[in-house]
Amino acid sequence: MLILTCPNCGADCAETELAPGGEAHLKRFGPGSSDDEFTGYLFERKNPRGVHFERWRHAYGCGKWFHAARCTVTMEVFGTYSAQVSEPPADILDSIRARRPGWEV
Amino acid sequence: MSDTQGVSAATGVAGRVIERGHMIRIREAGLTGMIALRGDLASPAMAEAVRAVTGAPVPAPLRVESGAEGRAVWMSPDELLLITAIGRAPEALAAAEAALSGQHAMALDLSDARVVFRLSGATVPEVLAKGSPVDLREAAFPVSTARRTHLGGIAVGIWRLEAEEWEVVCFRSLAHHLADWLAQASASGSEVGHF
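Those sequence lines, one after another, are chains A and B. Residue 893 in the numbering used here sits at position 24 of the first sequence; the count goes up by one each step and never skips. Residue 389 in the numbering used here sits at position 164 of the second sequence; the count goes up by one each step and never skips.
Same shape as in the complex, but just chain B (with noise of 0.2 Å):
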C-alpha cells in the first residue's frame, strides 16, 4: 500500500539502525502488520483467531507468545496485540475476522498504528531503565515476558524475546523522539552498571 508507506517515511526513522559508538544495537523494525483484537480472551474463538494470524496460543497475563507467523501480545484482559508480516496483514486481519464471526469481539488492522524497534544486547536492561519504572531485572522480568509502561515520557509495550532481543512499540507519531531516546541513553559509556 503506497499510502503506508508514506506514512512510515513520516517518521524519518523508518529502517534506521543505531550501533556504532552505542552499548546496544537499535533497529527501527519498517513496515510490520499489527492487529488489534478484542474480546473474551479464554474463548475458543479468539484462540483460533489468535492462531490464525500468528501460530501461536493465546498468552497468559503480561507474556507474549511466538508463533510461526509472527507473535501475540498480551495487552489487557480483554485486548491482544498480533504481530506478523506487513505482507500478511489483510489477509490475517480477515481469517481473524472470520473465526471471531458471531463473537462479541474486535479485530482491527492497526500496522499504520505504531512502530516496532527491535534493540538486541545483553545491556538493554541498563538503556531500558533509564526512563521507565518497571523492574526489568533477570527475576522480575524473564524471556517472554510483555509490559505496557512509559518510557522516555512516552507510553510504549515493551517485551523480551529472548534473553537479549526485545522488542519497544510506541505510537509511530512519537518514533521519532524514541529514536532519539535511545540512541541518547545507550550512548557508549553511559553504563550504569546497575544489572
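Same shape as in the complex, but just chain A (with noise of 0.2 Å):
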C-alpha cells in the first residue's frame, strides 16, 4: 500500500484516501503552440521505472492537491511537496540522489 503525507495537512494518507492526478510539472500549451507541442502536452507522459513525479490530491481529506515524487518499482517514497511550484524543489532531489546515486532529472 502506498503512503503518501498530505503537506497541506500533515496527515499520513493512505492510497485510498488520494485521488491520482498523473504526472508532474507539464508545461502548458495551449492557443498559439504548433500542433506537435499541444500533442506533446496532451498525451505523452513519461512511464519511468524508477523515480518518478506525481500529482496526488487529498480527496477524502483536506481535499487539496500536492506533488509527491517515488519510485515506481519499489513503492519508495522519496517526499511529498507544495502543489504551488513548478519544479522538484532542492530538498527532494537531495533526497533522491542520496537513494539513488547517479540518478538525474
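Careful: at least some of the hints might be erroneous.
Pairwise CB distance ranges (calculated) [claimed, not checked]:
id, chain 1, residue 1, chain 2, residue 2, range
1, A, PRO958, B, GLN328, 30 to 36 Å
2, A, THR943, B, ALA293, 47 to 53 Å
3, A, THR943, B, ALA319, 53 to 59 Å
None of these hints come from the bench; they were simulated from the model. All C-beta atoms, glycine included, are put in the ideal place defined by N, C-alpha and C.
Both chains are sitting in their own frames, so use the hints and assemble them into the complex.
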C-alpha cells in the first residue's frame, strides 16, 4: 500500500484516500502553440521505471492538491511537496540522489 | 424548523442508539447545528467568528477544539466545521457572518447536510479500524485529533473528544448505511484485538 504524507494538512494518507492526478510539472501549451507541442502536452507522458514525480489530491481529507516523488518499482516515497511549484524543490532532489546515486532529472 | 425535522426523520436513524450486544455504544446525535466556515484561518476575524459560535479557539490542523457552546473542527487549510446546538444555529450563523463581514470568507448553515454519530467505549478504535485506513493507535490519534477519511466505503469525519468518546459525521443521505455498518462492525464477539 502506498502511503503519502499530505503536505497541506500533515496527515499520513493511504492510497485509497487520495485521487491520482498523473504526471507532475507538465508545461502547458495552449493557443498559439504548434500541433506537435499541443499533442505532446495532451498525450505524451513519461512512464519511468524508477523515480517519478506525480500530482495527487487528498480527496477524502483536506481536498487539496500536492506533489509526490516516488519510485515506481519499489514504491519508495522520496517526499511530498507543495502543488504551487513548477519543479521539484532542492530538498526532494537531494533525498532522491541520496537514495539513487547517479540519478538525474 | 419543521422541514428540518422531516429531513432528519428521513434518514431512519434519528436518535437511534445501538448498545446491547455491541462492544461500544453508538448514538445518532439527532439534529445538530453545523456551520461551515471558509476563509483565512489565521485572520483575527476568523478567530472571532469561531469564538462567537463555539467559544473555542481556532483549531490547529487535524485538531478539534471544544468550547462552552460547541466544537470547532479543522477540515482543511481554509475550512472549519463548527458544531453547536441546533437551536443556536441561526443566531450563531448571524454572529459568524457579522464577525466575517468585509472579509473574503464564507459562513453557511449546513446543519442539514450531515449527521453526527457519538461513539463511546474503549474499543472504538477496534471498530473504526475495520473500515478505515487511518492509524487509530493512541500515539497517532490522541484526544482532540480530527481526521477526514473514509469508513465503510463512504467519506466521513472522525474526531476524538475524550479517551473513549468519539464523533463520526457523514452525509445525511448515507446515515442509514453508516449506522448499519457501525452496528455490524461493533457486534460483540467480533473484536480483532489489534490495539
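PRO958(A) paired with GLN328(B), Cβ distance criterion 30 to 36 Å
holds, 32 Å
Cβ distance range 53 to 59 Å for THR943(A) and ALA319(B), holds or violated
holds, 55 Å
Using the Cβ atoms, figure out if THR943(A) sits within 47 to 53 Å of ALA293(B).
This hint holds: roughly 51 Å between Cβ atoms.
Consistency with the previously given hints is maintained throughout, with no hint failing.
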